[in-house]
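With chain D's structure known, arrange chain V with the ligands on it following the hints.
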Amino acid sequence: MAVLTIKNLAKTFNVGTPKASRVLDDISFDVRGGTFVSIVGPSGCGKSTLLNIISGVEEHTSGDISLTSDAGGPARMGYVFQDPRLLPWRSVMKNMMYVQDDRSEATVSRAKKYLDMVGLAKNADFFPGQLSGGMQQRVGIARAFAVEPDLLLMDEPFSHLDAITARGLRAQLQDIWAQSKKTVVFVTHDVVEAVELSDRIIVLQPGGRIYEDITIDLPRPRRQTDPTVATLQAEVLGRLETMKAMSRTASAVA
Amino acid sequence: MSTTMAPVKARRSTTEKDKATPAWQKRLTSDRAARVAALLSFFVFWVLMSALFARVPGPVEVVQRLADEFSRGEVFGNFGLTLYRFGVGVALAAVVGIAIGVIMGLSQLGRAFFESPVLVALSIPAIIWSFLTVMWFGFGDLSPIITTFLTSVPFVIVNVAQGVRGVSRDLRDMSTTYKVPLSRRIKDLVLPAVTGYVAAGIRFAIIIGWNGVLLAEWFGGGGGVGYRARWWYDANRFGGFAAWVVLFVGFIVLLDRFVLDRAIRRAFRWRDASA
Ligand SMILES: Nc1ncnc2c1ncn2[C@@H]1O[C@H](COP(=O)(O)OP(=O)(O)OP(=O)(O)O)[C@@H](O)[C@H]1O
Ligand SMILES: [Mg+2]
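Top to bottom, those sequences are chains D and V. 1 is the number of the first residue of the first sequence in this note's numbering; add one for each residue after it. 255 is the number of the first residue of the second sequence in this note's numbering; add one for each residue after it.
Check the hints yourself; a few may be wrong.
Said to hold, decoys possible - For lysine to aspartate or glutamate, the following EDC-like pairs were computed, each having C-alpha atoms within a straight-line distance of at most 20 Å: (1) D:Lys181 with D:Asp217; (2) D:Lys182 with D:Asp217; (3) D:Lys7 with D:Asp25; (4) D:Lys7 with D:Asp30; (5) D:Lys244 with D:Asp190; (6) D:Lys112 with D:Glu148; (7) D:Lys181 with D:Asp116; (8) D:Lys181 with D:Glu148; (9) D:Lys94 with V:Asp427; (10) D:Lys94 with V:Asp424; (11) D:Lys244 with D:Asp213; (12) D:Lys181 with D:Asp70; (13) V:Lys441 with D:Asp125; (14) D:Lys7 with D:Glu59; (15) D:Lys181 with D:Asp30; (16) D:Lys94 with D:Asp125; (17) V:Lys441 with D:Asp102; (18) D:Lys94 with D:Asp116; (19) V:Lys433 with D:Glu59; (20) V:Lys433 with D:Asp83; (21) V:Lys433 with D:Asp102; (22) D:Lys113 with D:Asp125; (23) D:Lys7 with D:Glu58; (24) D:Lys19 with D:Glu58; (25) D:Lys113 with D:Glu148; (26) D:Lys7 with D:Asp64; (27) D:Lys112 with D:Asp101; (28) V:Lys433 with D:Asp70; (29) V:Lys433 with D:Glu58; (30) V:Lys433 with D:Glu148; (31) D:Lys7 with D:Glu212; (32) D:Lys94 with V:Asp442; (33) V:Lys441 with D:Asp101; (34) D:Lys182 with D:Asp70; (35) D:Lys113 with D:Asp101; (36) V:Lys433 with D:Asp101; (37) D:Lys7 with D:Asp213.
Claimed, not checked - Restraint-style ranges between C-beta atoms, simulated for each label pair: (38) V:Leu509 with D:Ser180: 52 to 58 Å; (39) D:Thr242 with V:Arg423: 33 to 39 Å; (40) V:Asp515 with D:Asn14: 43 to 49 Å.
Hints listed in this document are in silico derivations from the structure and should not be mistaken for laboratory results. Glycine included, every Cβ here is placed at the ideal spot set by N, Cα and C.
Next up, chain V with everything else stripped away, as it sits in the complex:
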């Protein structure tokens, strides 16, 4: 007599699993669902906190304050001012950071020269830079710009240097034996090897630099998002303060998600393809 034995615990193939999983379950376990869940839980937490503590403004109040700021015409001017300072600072950090990073990556001497200053700069928090720059440059545009630059440039440098050092010796030797011209070597070997690091460095720079610009404005008093947030804070009106916080945190999250994250994904397409 022949019996058909079922395997004790067969592992299922991806095709089988895919077929067995209902669509709603796939959607519920997607990355996007996780992100939405994070947002929702934060929101619930916020509502709870505002219900429990009188000094924590709730979402409704914050939206109202925000609308008030808009109708007062405070938003665009201040936001524009901050963006301008921030943009100049980050752009400076990108240019200087890539240059120093490449030098540190290629030359032993360059590395020896820049290593300690970069490490020191890396360890100084934005708040210290903002005190110093306000002391040095006063209340104009210069202190937030320089603060942004100083807080973010070490991150660009470290990332780029690491990327350049990582350009494989083997691939460089290969290019040498085949006498590949320098322009093509830069385009097809060095840049692809480094772009991911440059993108990651600039992403850090943007997130860290944002701290810098807001802090410098907070202490500097020359207008801008940080200045306006402090104005409400000093007036003991936490709704207004929170409105600005929501505005700039929202901005940085959107910038990161829709611009930076995508750029980085593009740079690392080849790696995802081989995973």
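Pulled out of the complex, with its shape left as it was, chain D reads as follows:
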């Protein structure tokens, strides 16, 4: 069943003003439950805007968007942002609980479980300022999983981290995802990362249209060292380069 359905979605900022700019143009796709979908594309092509529309922070200008939960009620959403976005005056555990519906024992132990999964069980009583950037980002990831979302949105969650920390967290994310089988929409401009994590990659082009929708059919867990992974990464990267070259020519002609 599709958790997320998007039809002819468009977004224009500053409608009706001289500054009006169309950021997303006629986007249609749907995401089936339990899949990991990546959205890649060059900087400024509207990836974050798309996620913000899905999450409800931003309104869309036209088109349809619908979210359904397996239970039928309003869909629960988790969001891992580019930065941790924790309440600086609340402890790690209180930050985890801030986004939870209730304070029941089951909820508390679930929050603890995910903190433990990202290796921060010992830091539950720390303030965010007492953690490193990578640790804070892990709290953000644990927080998102702990709400048991119908849809988990992630916006370049590893882009502020150093390569080694990022690789560790990517492996962790694969593990947690394999256990929980959440539906994920993951934004990145890193094709290598997208191939490693996703079932499917949606490529956005400048101007906010879908350029390509690629299915990644590789066994999991995927390892950087696996040659088939590397081959596919190179191939997708090549297609992205073609797209960039084409859009350059197009804008040169126009």
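Using the frame of chain D, we list chain V with the ligands on its own:
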């Protein structure tokens, strides 16, 4: 042959430094020592001044005058009167200031509306307000209360507005995506973000408002600390005047140190913890 080389200038760890520093030195370089030193030097300065100038009353004389005022039964009545006026004025300033500050922080329109009046109010000194209120309200309780309110409310407004505006957009968006209920948003996001500013605003209000109440009493003549200080001043008895000054300055310093400062520290605990 192997030689052990001592590092040219190794930097010492905090543990090493801590061990190497004798206890007396730690005590001597503490914050408290600095505060005590400030008090002591002020006291010495005062004694010197009174020794040099006949018109500056020394500590002994001031304490005597103070004791006289106590035995005359002037202290509690006047002090109580002033505290009452001051308390009402500051409380009013806190309530009105927080309300206007929140409006200014949340709404563009509110900000546009209040910005200029607040700036103007901010620039008017307590002495002008006290003249005006005595003119408007005469010699009763109202003029010191309104003076206190008017001198202090702009500081509360400015601080609170700044705090509310500072509530991070990112954190608000985060709360929206997780559908955090409004009550919890206020409790865990807005209030903690603003309490420090509210506390700082009220602290300013108290210190500034104190000026206001004393000045209004000085010119108003309806009793109170300011009135009593002026009475001695007019009588050319500087000992009595200084006794009252010492009394109210002492009071405000104690209030600030033991009540306000602590409240503010509590509000900013999370920030100290991450430093
Ligand atoms: N609030 C806004 N008002 C006007 N324009 C905006 C606003 N937010 C984003 N934009 C514009 O929309 C475009 C897409 O922004 P968006 O943040 O979605 O890009 P992105 O694909 O996430 O890029 P990056 O990879 O750099 O994060 C940009 O040109 C940006 O200037
Ligand atoms: Mg972005």
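Now for the hints, and whether the structure bears them out:
no. : hint                               : in the structure
1   : D:Lys181 with D:Asp217             : holds, 16 Å
2   : D:Lys182 with D:Asp217             : holds, 18 Å
3   : D:Lys7 with D:Asp25                : holds, 11 Å
4   : D:Lys7 with D:Asp30                : holds, 8 Å
5   : D:Lys244 with D:Asp190             : holds, 14 Å
6   : D:Lys112 with D:Glu148             : holds, 13 Å
7   : D:Lys181 with D:Asp116             : holds, 18 Å
8   : D:Lys181 with D:Glu148             : holds, 10 Å
9   : D:Lys94 with V:Asp427              : holds, 18 Å
10  : D:Lys94 with V:Asp424              : holds, 18 Å
11  : D:Lys244 with D:Asp213             : holds, 16 Å
12  : D:Lys181 with D:Asp70              : holds, 13 Å
13  : V:Lys441 with D:Asp125             : holds, 19 Å
14  : D:Lys7 with D:Glu59                : holds, 15 Å
15  : D:Lys181 with D:Asp30              : holds, 17 Å
16  : D:Lys94 with D:Asp125              : holds, 8 Å
17  : V:Lys441 with D:Asp102             : holds, 15 Å
18  : D:Lys94 with D:Asp116              : holds, 15 Å
19  : V:Lys433 with D:Glu59              : holds, 16 Å
20  : V:Lys433 with D:Asp83              : holds, 19 Å
21  : V:Lys433 with D:Asp102             : holds, 12 Å
22  : D:Lys113 with D:Asp125             : holds, 15 Å
23  : D:Lys7 with D:Glu58                : holds, 16 Å
24  : D:Lys19 with D:Glu58               : holds, 18 Å
25  : D:Lys113 with D:Glu148             : holds, 12 Å
26  : D:Lys7 with D:Asp64                : holds, 5 Å
27  : D:Lys112 with D:Asp101             : holds, 15 Å
28  : V:Lys433 with D:Asp70              : holds, 18 Å
29  : V:Lys433 with D:Glu58              : holds, 14 Å
30  : V:Lys433 with D:Glu148             : holds, 14 Å
31  : D:Lys7 with D:Glu212               : holds, 16 Å
32  : D:Lys94 with V:Asp442              : holds, 9 Å
33  : V:Lys441 with D:Asp101             : holds, 15 Å
34  : D:Lys182 with D:Asp70              : holds, 11 Å
35  : D:Lys113 with D:Asp101             : holds, 17 Å
36  : V:Lys433 with D:Asp101             : holds, 9 Å
37  : D:Lys7 with D:Asp213               : holds, 15 Å
38  : V:Leu509 with D:Ser180: 52 to 58 Å : holds, 55 Å
39  : D:Thr242 with V:Arg423: 33 to 39 Å : holds, 37 Å
40  : V:Asp515 with D:Asn14: 43 to 49 Å  : holds, 47 Å
Violated hints are absent here; each numbered hint is respected by the structure.
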